[in-house]
Amino acid sequence: MKKWWLFVAVLLVAGIALGLRLQALRLLPIDYDEDDYLGAAQRYAQALRAGDMGEIISYEYNFEHPPLTKLIVGLAIAPLPEAPLLPEQSSTMPPAGELPQPHFNIARTVSVLFGTLEVLALAILNPLAGFFLAIHTWQIKYTSQIMLEPLPALTSLLVVLFYLRSKGKLNGWLVLSGVALGITAAAKYPYCIVGVAILADWLWSNRVQRMAGESEKPGYPGSSRPVLAWILAALVIFILLDPRLWAESLSRLIQSVIYHWDYAHSGHVRQAGFPAWQPLVWLSMPVPWHPGLFLFAWDFLITLLAILGFQRMWRKQRVFGLWLAMALGFLLVWPTKWPQYLLILTAPLSLAAAEGFMGSVWAPAEKLVKHWRDARQSRHLSAEARANRAVGWRDARRALPWLLPGMVGLSLIALFPLIFQGAMALTDFNATSIRDGIQGGVWRAAWQGLTGQEKPVEFDVLQGSRAKQVRYAGPGLLIGLLSGGVAEILVFNVIWTVLSVTLQVILGVLVALVLSRPGVRLRGFWSAIFILPWAIPEFVGALVWLRIFEPRYGWLALAQNLPLDVSSPSWFENPNQTLLILLVAATWYGFPFIMLAALAGFKLMPYEVYDAAALDGAGGWRLFKHIIWPLLMPLVIPAIIIRSIFAFNQFYLFIALRTDYPLVTFATLSYYLFAPTGYFGGQFAVSAAINIITVIVLVVLIVWFNRVSRASEGVTYA
Amino acid sequence: MRKVRWWQQVIYQIGLACVGLFVLLPIWGMVYLAFDGGIRGWPTMFRLWPEQFTLSVFREVWQRPYQDQAFLALLKNSLLVSFGAAFLSLVFGASMAYAFARYRFPGRTAGLFGLLVGALLPAVALMTPLYILLSAVGLRTSLFGLTIVYTAFAMPFCIWNMRAAFQSVGKELEESAFLDGATTLQTFWWITLPLSLPSIAVAALIAFLIGYSEFAMGWLFVDRSQNVTLAMAIAGIIQGNALQSWSRLAALAVMMSLPVVVIFMALQRTLMDRWMFGDIND
Chain G
0 MKKWWLFVAV
10 LLVAGIALGL
20 RLQALRLLPI
30 DYDEDDYLGA
40 AQRYAQALRA
50 GDMGEIISYE
60 YNFEHPPLTK
70 LIVGLAIAPL
80 PEAPLLPEQS
90 STMPPAGELP
100 QPHFNIARTV
110 SVLFGTLEVL
120 ALAILNPLAG
130 FFLAIHTWQI
140 KYTSQIMLEP
150 LPALTSLLVV
160 LFYLRSKGKL
170 NGWLVLSGVA
180 LGITAAAKYP
190 YCIVGVAILA
200 DWLWSNRVQR
210 MAGESEKPGY
220 PGSSRPVLAW
230 ILAALVIFIL
240 LDPRLWAESL
250 SRLIQSVIYH
260 WDYAHSGHVR
270 QAGFPAWQPL
280 VWLSMPVPWH
290 PGLFLFAWDF
300 LITLLAILGF
310 QRMWRKQRVF
320 GLWLAMALGF
330 LLVWPTKWPQ
340 YLLILTAPLS
350 LAAAEGFMGS
360 VWAPAEKLVK
370 HWRDARQSRH
380 LSAEARANRA
390 VGWRDARRAL
400 PWLLPGMVGL
410 SLIALFPLIF
420 QGAMALTDFN
430 ATSIRDGIQG
440 GVWRAAWQGL
450 TGQEKPVEFD
460 VLQGSRAKQV
470 RYAGPGLLIG
480 LLSGGVAEIL
490 VFNVIWTVLS
500 VTLQVILGVL
510 VALVLSRPGV
520 RLRGFWSAIF
530 ILPWAIPEFV
540 GALVWLRIFE
550 PRYGWLALAQ
560 NLPLDVSSPS
570 WFENPNQTLL
580 ILLVAATWYG
590 FPFIMLAALA
600 GFKLMPYEVY
610 DAAALDGAGG
620 WRLFKHIIWP
630 LLMPLVIPAI
640 IIRSIFAFNQ
650 FYLFIALRTD
660 YPLVTFATLS
670 YYLFAPTGYF
680 GGQFAVSAAI
690 NIITVIVLVV
700 LIVWFNRVSR
710 ASEGVTYA
Chain E
0 MRKVRWWQQV
10 IYQIGLACVG
20 LFVLLPIWGM
30 VYLAFDGGIR
40 GWPTMFRLWP
50 EQFTLSVFRE
60 VWQRPYQDQA
70 FLALLKNSLL
80 VSFGAAFLSL
90 VFGASMAYAF
100 ARYRFPGRTA
110 GLFGLLVGAL
120 LPAVALMTPL
130 YILLSAVGLR
140 TSLFGLTIVY
150 TAFAMPFCIW
160 NMRAAFQSVG
170 KELEESAFLD
180 GATTLQTFWW
190 ITLPLSLPSI
200 AVAALIAFLI
210 GYSEFAMGWL
220 FVDRSQNVTL
230 AMAIAGIIQG
240 NALQSWSRLA
250 ALAVMMSLPV
260 VVIFMALQRT
270 LMDRWMFGDI
280 ND
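Protein chains in written order, with numbering that gives the first Met the number 0: chain G, 0 to 717; chain E, 0 to 281.
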């Protein structure tokens, strides 16, 4: 019975995938490179028809990508009547306006086929993961166009699936896995990261088994024979499927690798101006260039679920976790401007998202329903609960007069403004309609809209609306922001929080570690100095760093130009360097706080622990990892939480250093958008919507942190 | 604990000196400008110390730090706004903090959570609606309007902190006062409040500092130079169209920061503890 359902689910998911991809095939405009690949495929088709093997081997155009996909497309269009050959342009040229039919559609159908098969393969493993992969917009886009991605994306998944079936032993499945890896390599190189992940997984399980002492047992799989066979199979298939390597193999292979290295570091990629973390931005938003084309725009949700489910996936199937982590690492390190590289990790991402859904949404919901049912069954309150409730109400009556002044005050200056802000976010309120808005137009528009008297108006967020009256704009703005409308800012804000706090904690704890060692001299002197950045008002601290890093007249710029005025450094033009500067300043400003917390923690720590550990021969890193840090952590976690929230809301640093979009926090962006005299200010509604998002994110963070800090309450904070 | 050997001592001291350099060098880069009379706009030469040591910049800044305003006028505005915010936060917040500390009423946890969110909210998130609402009642450009804004930033934090202070006063003391026939109000006024005065003072100090060092909201709200505060004047110097002297900027920054630095140095442990919010459920 259950099997039958699974079968239906898998078919359903595959059907959804196919439908979405066919629709995208029909509607998507011609993209970069599609004409180049189709042109190459036309030549291959010609050669195939003529049976000219030599031409296939020596065909030079687009040599940087291995020819397998282009060959398959050529095979698919070979039976068609010939169309005029497309010109062999450089692949950086803008795409052609029109491509010959039906060749174009047939070629795209090949992609759709591979894309759907990949979803099918993943759905067999986990239907929900298959569903996420089926609706992922980046996945749909790049498996519905003539791209190199669909085939290696499919085969790289197969590599892992077959490897899992083989259980790491030398058998038919392992050979199949090697074959799939060979196909992957022959289709596009970066997808081979999956092979590295498998190697890592294999080494890992070997180590675990060795530690468990299983290597003495007969039939121990730790020998390197299976892996060598696997690699051999992959190599043979790779060379078989790449005809260009049949002659001058090595030099041609090196040539294409060098090409990619040069290309990645060329001005062409750098000009795009993407920060190193751009892949994360893409993962946090649906494909932005084709509005209305995709039925589901859940990409951000999928990424979020994947983060939640990563650990669960890791515990179940480590190799997928390794795959996801390594592919992500590769994307972050390898500079590229092409989002299709995302497809090297969409499969494990979807699986992690499925695990995240089961672990963080389904299981708690199930628990809640059960709890609710139990509560309904035992409706009668116990005597104790009734007494508690009576005490509660008596306390409420007593507390009320005490609460009143604060409640009135807070309602007036905080609660009411926040509600007003919510109303603002539902309108098109901006600097043009400020007069009307101040006179109650915001309430009117929000009320009329919410009671259905007025239809929401469309307005361009960037241009702003020109109406003198405030109009209802609906929740579209909020929904747009929540589903990845400001993904750049969100990703930057999160990266910023994590990196800056991590650096602060490292430096702060390190300094505290030294300062708390008895016998170290001048401790009071040093700690008095180290507190300084914390004591200086934040924006003066930010100015101090502006003084140093200002690109023309800053200390560093002047120091560089000491002998002669050469060229000015441009750290604010490169986002990666800007981040570095911001991090230096933030570390300077934030580490004393952590240091103070850690110093207080060390005071509470019994020195006998050190001594006992030292007697046992633990020293240096091991002492820190197993003794000091676990004892210290509960004491510094409150400080870390406070610093994290500060970092998330950081404002003055960004204002003082005047960083560009997207290197700003939500608070800074909202300020710029609001300031009526600013360059792109006066967008009251958008600014309000961003603030609402900030509040939501903050509430989630605080709930989560509260849970973390309660979990670490093993040692009480004195 | 093992003894620190001499070579370890050297390594430690070198490491600490590196961190010390990292901390002090940027500060010095700013501070020496204040003593350099020769800089009119941005510094144009790389230096490690003033070209010609002088105190004249401080004198200049004392007389006319920003446009036609005197230093004392700016300071007066700063003090008015920050003391006002601290005062309002305490007066309106104290009784609420007491209720949260003493009574277990329904909705208490939710209220505490709301306060925590309020205390951790970025200032900008409240500034947007307050700007419109204060414009509507015609208070936006006045110093009182600015005081209200800073109160909104500081009050949840103050309430949260005073609650902790009231909670640490033993319940037994209050109960013995009740037995002697005191009312709740009398107990609060004569017993709990005096006992937790130091903690309340620290909460007030932090509320004061929020207003004292804030400038971005200030520039949005205020439009007359009579209402400019010290912190705003500093931001005004770098953000103004006319390139103003960095010597004066540095001098003003030093004069403004010095009292704050002294306060932090003197009260470091206490301030540190105040910033930790503790658990909701205690």
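Bear in mind the hints are in silico, worked out from the structure with no lab data behind them. Quick reminder that beta carbons are idealized off the backbone N, C-alpha and C, glycines included. Please note that a few of the clues may not be correct.
Just a few of them, taken from the derived set where beta-carbon distance is under 7 Å, the chain E residues facing chain G [as the list claims (entries may be wrong)]:
| hint | residue |
| --- | --- |
| 1 | Leu20 |
| 2 | Phe45 |
| 3 | Leu47 |
| 4 | Trp48 |
| 5 | Ala100 |
| 6 | Phe104 |
| 7 | Val136 |
| 8 | Leu138 |
| 9 | Leu266 |
| 10 | Thr269 |
Item to complete: Could you tell me which of the hints above the structure violates, numbers in ascending order?
Response: 1, 3, 4, 5, 7, 8, 9, 10
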